[in-house]
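For the sequence shown, the working numbering begins at 2 and goes up steadily by one.
Honestly, the hints are just simulated from the structure, not real lab data. Treat the hints with caution; some may be incorrect.
What the hints assert, rightly or not - List of simulated lysine to aspartate or glutamate pairs, EDC-like, C-alpha gap at most 16 Å:
| no. | residue 1 | residue 2 |
| --- | --- | --- |
| 1 | 77 | 47 |
| 2 | 77 | 60 |
| 3 | 117 | 107 |
| 4 | 173 | 33 |
| 5 | 132 | 47 |
| 6 | 200 | 60 |
| 7 | 10 | 46 |
| 8 | 173 | 47 |
| 9 | 163 | 60 |
| 10 | 17 | 30 |
| 11 | 132 | 190 |
| 12 | 182 | 30 |
| 13 | 173 | 46 |
| 14 | 119 | 107 |
| 15 | 10 | 190 |
| 16 | 77 | 166 |
| 17 | 10 | 60 |
| 18 | 7 | 51 |
| 19 | 173 | 114 |
| 20 | 173 | 51 |
| 21 | 77 | 185 |
| 22 | 116 | 178 |
| 23 | 151 | 107 |
| 24 | 10 | 33 |
| 25 | 200 | 51 |
| 26 | 7 | 46 |
| 27 | 132 | 107 |
| 28 | 164 | 71 |
| 29 | 17 | 33 |
| 30 | 132 | 114 |
| 31 | 7 | 47 |
| 32 | 10 | 71 |
| 33 | 77 | 51 |
| 34 | 77 | 46 |
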Amino acid sequence: MNEMNKVIKLNIGAGKTYLPGFINIDISEVADISMDIGTTALPFDDNSVDVIFSHHTLEHVENYLFALSEIHRVLKHGCYLFVGLPYLTLTKYNLVNPYHLHHFNEFSFDFFDPKKIKGSAVEENQIYFQKGFHHFHYMGIFKMLPDFMKSWCRNHLFNVVKKIDFAVMAIKPGGKDVEVKSGDQLIKEFNHYLNSRKKY
Numbered sequence: 002m003n004e005m006n007k008v009i010k011l012n013i014g015a016g017k018t019y020l021p022g023f024i025n026i027d028i029s030e031v032a033d034i035s036m037d038i039g040t041t042a043l044p045f046d047d048n049s050v051d052v053i054f055s056h057h058t059l060e061h062v063e064n065y066l067f068a069l070s071e072i073h074r075v076l077k078h079g080c081y082l083f084v085g086l087p088y089l090t091l092t093k094y095n096l097v098n099p100y101h102l103h104h105f106n107e108f109s110f111d112f113f114d115p116k117k118i119k120g121s122a123v124e125e126n127q128i129y130f131q132k133g134f135h136h137f138h139y140m141g142i143f144k145m146l147p148d149f150m151k152s153w154c155r156n157h158l159f160n161v162v163k164k165i166d167f168a169v170m171a172i173k174p175g176g177k178d179v180e181v182k183s184g185d186q187l188i189k190e191f192n193h194y195l196n197s198r199k200k201y
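Please build the complete structure, drawing on both the sequences and the hints.
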């Protein structure tokens, strides 16, 4: 495969783990690229990256919109960001965590989807994503409830969902229509990346 056709995959916020076959990026010096994604542009060309995986990182980034804009910039049109995050209403390890600067729920990426609520805020960013799936990780007894009760509990109670996973597709102005992968396919891909991580 020549350089022009090389597949580029990024693991952002690698921490104490790395993903084989990915370029691992973290503020830690052990990463392939050591940098602060909240202040420094990703060292990749526009529309050059095929997939980005990030697990429990974006909630720590002070300038989250800058980091997300860089992720969007380098992703090719129609390619995916796979991201795992703590859920908004988890009190013990999220809302009171002094290192968590941003909070996420199932609607977080709708703010970047022009078919949903992109443009509902006064904004100047050109970040466009379309959500392929989100997946809740329910806690304790809530795992066993029927879906309508899970939904009610999630919307009215704290500490129902521990974390949430997403796959969101980068949309570039002028890009051709791209078929969104099925939710099942995206969840399988997310889990493959998650389970492939290794400790340094």
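Next item on the list: Run the structure past the numbered hints and jot down the numbers of the failing ones, going up.
Entry: 2, 4, 5, 6, 12, 16, 17, 21, 25, 28
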